[in-house]
Each structure stands twice: as C-alpha cells, then as structure tokens.
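**Student:** One letter stands for each residue in the lines below.
2 protein chains.
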Amino acid sequence: MLAQPGPDLLSLNTATVRAQWTLAQIIEGCAKHQIRGISPWRDQVAQLGLKETARLIRDAGLKVSGHCRGGMFPAPDRAGRLAAVADNRRAVDEAVELGAACLVMVVGGLPKGPDGRPVSKDIAGARQMVRDGMAELLEYARASAMPLAIEPLHPMYAGDRACVNTMEHANDLCDELGSGVGIAVDVYHVWWDPRLKAQIERAARAAEKRILAFHVCDWLVPTIDLLNDRGMMGDGVIDIRLIRSWVEAAGYRGLHEVEIFSAANWWKRNGDEVLATCQERHRQYV
Amino acid sequence: MLAQPGPDLLSLNTATVRAQWTLAQIIEGCAKHQIRGISPWRDQVAQLGLKETARLIRDAGLKVSGHCRGGMFPAPDRAGRLAAVADNRRAVDEAVELGAACLVMVVGGLPKGPDGRPVSKDIAGARQMVRDGMAELLEYARASAMPLAIEPLHPMYAGDRACVNTMEHANDLCDELGSGVGIAVDVYHVWWDPRLKAQIERAARAAEKRILAFHVCDWLVPTIDLLNDRGMMGDGVIDIRLIRSWVEAAGYRGLHEVEIFSAANWWKRNGDEVLATCQERHRQYV
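As you go down the protein sequences, you meet chains L and X in turn.
Numbering-wise (my numbering), the first sequence opens with residue 1 and increments by one.
Numbering-wise (my numbering), the second sequence opens with residue 1 and increments by one.
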C-alpha cells in the first residue's frame, strides 16, 4: 500500500464548492487553506472573466490541473457538430490562457434536439461523432500545445453526457487519434471496471504520456441522485489509494483533483469546512 | 432490421405491476391479457405459497421465463457465504417446482454488515466470492437440471447489488464455471457497453446454450432514481430491437421478459393499462 500523498498534490475542482462560493472566493479559499491546485469550470471563468481568472490564479500561485471542460460533440446535424468543434477551440484557448495541464473532455452522449432531449438511439453513431469531433479539434489543440484529456464517464451517463464510458474505450480512441490526446482518470467513473488495472497498465505503454489527470471523490451506498450525490473521499466504497497506486505505477505524477457534486451534503456546508475536509480526507484516503 | 416479435414471446416479470397487484392477481392478469409468460419474484412466491403459485401458473398455461432471483453471494464471513449458498439451493428448488427456464442470478455487491451497508472496498475480493459461491451452488443446480443465468447488472449497482457488470465478465465466469451456467441479458444493464455485440457473439460460440434470458425495458433520459425509474420500451434511448437482433443471431429463441421498476409512473397506473402498454410496446419496440 502507498504512503499518504503530499499535501501539495491536492487540487480543487471548483464544482466542489460552487454552491457556496464564487470563483474569486474559491481561489482565495485555496490560497488561505494552502491548497496548491485548482480546476475551474468554463461558466465560472466566463462570469469572472478569463484574464481576471488567469491573473487571480497566477497571483495565488496555483497550478491548474485541468480546465473543465470541452467535449459534447454529438449533434443531430453537421452545423451542430461544427458549432461544437468551434466552441471547443475556444475552450482550448481558455485552457492555454489559464496555463492548464489539460483540457478535460466530457465527450457528449446521444445527439440532442433543441429541448435538450436525445433525438437518436444510435450510440455507435454518437461514438463516431465523438471520434470525428476529437480528430477535428486535435489539430488546433496540438498547434496550441494543449493536451486533450478524454474523461470516460460512468455508464449511467452514456445517454446524456458521455458515450465514452470505459478506460478501454478511451485508450482505443487515444490509439486511433495519436499525439496530443490522453485520459482523465476519475475514480468515480471507473472504479467498478474489472479491466481498470489492465487498461491503466495499457495507458502506461503508450508512446506519450497518456494519463493526464487523476480525479477523486467517492461512490456512496446508497447513491440517491445520478448527478449530484458524490461522496467525500472515505465516505464510500472506492479503494482510492489502490487506484492511485495503479496510476502512479503507470507513471502519473500530477495532481489529485477533488471533484464532488453533492447537493444534499457538501454544497450545503461552509466552504472552509469543505476545503479542510478535502485536505484531511486526501491525506487519509487518496 | 428485424420484424415485429410474435405476441407469444412476451413474458411479464412480476415486478412490473407488483405495486398494484398480488401475485395471484398478476397471474390472472396475464391470462386475461393473453400474455404467455411470467417471471415471479421469490418474496411474492413465498407469500402466495410455492405449491399454490406453481398450480396457478400451470392452470393459466404460462411459461416461466425465469425465477427471480438467486445470488447475493458476498458476505463478510464464511458463515454468511454458506448461508447464501444454502438459500440459493432453496431458490433452485423453487425454480424447479415452478418449471422455470432458469434461475436468474443477481450475484451481489460488496460484502455487507448487519445494517446492510458495505463493510469492504475490495471489489476484486467480492468477485472472487461470487465465483466461489456460484461454483458451490452449481453442483446442486446441475443435479436439479436448473440452469443458472448470471445477470450482469449496470455498473451503478456494483457496490450494493451485483459486482458482475458486463457481458464480458459474465462470459468469463461462464467459461470458468463450465456446464449449467449462462447469462440473462437485460438491455437496461448492458445497452451502453461498446463491447456488447462482440460479447453476445462470443456467447454464441460457447459449447452449450449460454444466453438463457432476454429482459427488456428502457433507459430514460433523464433518469431520476437509480433503482426505480426504468422506462417502458420506447420511452427511452435503448435500441432494443437492435439488441434483440444480436441475441437472436446468437441463437436465442426464448421469451422477451418485461421488467420495469417505476415508482413515479408505471407502478401508479392501473395494472390492466400497464399490461396492455407492455404488449403494444413489445410489438413496436422489441
């Protein structure tokens, strides 16, 4: 079993306290609690302003473990798919401006209509759209030297959020797409997979660095909401340290990003308490 | 694309109307609506009585597409695991008495304590307990000529209900365990899997009949509850007919069992309306 991780490896995904704090307050909170990394969301960055966000993050001396997020490629028509790629180019630009380690890609589920509901049952087709959209974006991302990190999402999000749901599928995509693309491993999404260890080992054998991010939280039993009931590390059933041992054996040396959507619990607590708990649980369970 | 299925292929998993009707009423409902198959749950059978259930089902001329359910092997100690196997032997006996095509196995998640909460994070260990429990039960099931159908459950149930979550894992288990064990393919659990088609084809190459049951319902977007928000066929995003074409290409000729847990919708409707809708949607979407 691995030793406790150094506190400098902790990074805060801003969704974790987005209900309590603005992005400016979150950056201030990180500085105050001596958390050394951050991963902001695009809507928060847009609200605060890109330049201002970059300045505040720089002034606080924070590393940016990832920019959240690009993706959402499938669309019912070519115009929609082109618009998605164009929007992803802007996300690449933002990630560059923020000095992010990668742009995290939540690739999208089935194509949606104007009302946001799926208009197709063709998941193989959606996966093709993801591959094509990634390939189209990749040229731009390479020129910007911004790595794209495909995040396989839990299969319960296959319909609406991401039709890439396993490390194996993400590895296949990386093999196919070539240089400039890797994987964000989030324990919440992949912990259940009997092929996880083997596929992390496969990632380690890739020609270039493939594991670009490592996200942590916990899977609660019972889980009462598909979206917003993630657990704090240690409160659920994921052996997070075991998975960390695998990604480290695969050469990963980046930050450990805490990303917790928790409407019923952590979003209702005082932000300082949440950050202090993240630090304590990071030490104990990651 | 396949043609519409014959109405005689429809089977009703009794959970679909368990909130409205007793088991006796469900059997009566099947007869009334000319549904030719049924799959009862153990608790309902225990309440009505095994002999009486068998008699009513026989009198109604229903085929039993499966007995719901065995499994739940992992336990914190040897005594608990032995008790699970003993209970599964009784489930085999019941399945034989009912003339079921198979005993459906929901294998269990992480070992649980007396309060029903997981006491371990060792999912690989839980999977070993499942393998061992299945192997122990299998001797008895073979002697009773009752096939065991492992049902891979959606990965969102890995912690608490079943740590076998893909067709591939189920195929691996079947290969290892040998004769007398197969798979129940439920579209709700496996539709998202990019390896589904290949693993159904693999099942077709097994030495004996491996696909023992085919369960249908739909995946709703959004899904508002992890357990009890399954959709009626046609209301969600699963291409059910496509998956039926795969299991039929793999040689499956059994019933199409409708199994819908739906606290907010179908459990609140009139039972006759639910059954009529199942028939209509079976014709249109399965």
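These are calculated hints, taken from the structure and not from any lab test.
Careful: at least some of the hints might be erroneous.
You can't tell identical chains apart in this list, so a pair holds if it fits in one copy or across any two.
Claimed, not checked - Here are the simulated lysine-lysine pairs, DSS-like style, with alpha carbons at most 30 Å apart:
id, residue 1, residue 2
1, LYS268, LYS121
2, LYS197, LYS112
3, LYS32, LYS197
4, LYS51, LYS63
5, LYS63, LYS197
6, LYS112, LYS51
7, LYS209, LYS32
8, LYS112, LYS209
9, LYS63, LYS32
10, LYS51, LYS197
11, LYS63, LYS209
**Student:** Next, verify each hint and record whether it holds.
**Tutor:** Verification of the hints:
no.: 1; hint: LYS268 - LYS121; result: between (37 Å within a copy, 27 Å between copies)
no.: 2; hint: LYS197 - LYS112; result: between (33 Å within a copy, 24 Å between copies)
no.: 3; hint: LYS32 - LYS197; result: neither (36 Å within a copy, 52 Å between copies)
no.: 4; hint: LYS51 - LYS63; result: within (16 Å within a copy, 68 Å between copies)
no.: 5; hint: LYS63 - LYS197; result: within (28 Å within a copy, 43 Å between copies)
no.: 6; hint: LYS112 - LYS51; result: neither (32 Å within a copy, 51 Å between copies)
no.: 7; hint: LYS209 - LYS32; result: neither (32 Å within a copy, 63 Å between copies)
no.: 8; hint: LYS112 - LYS209; result: neither (33 Å within a copy, 39 Å between copies)
no.: 9; hint: LYS63 - LYS32; result: within (15 Å within a copy, 67 Å between copies)
no.: 10; hint: LYS51 - LYS197; result: neither (40 Å within a copy, 48 Å between copies)
no.: 11; hint: LYS63 - LYS209; result: within (19 Å within a copy, 56 Å between copies)
Going down the numbered hints, you'll see the structure goes against 3, 6, 7, 8 and 10, while the others check out.
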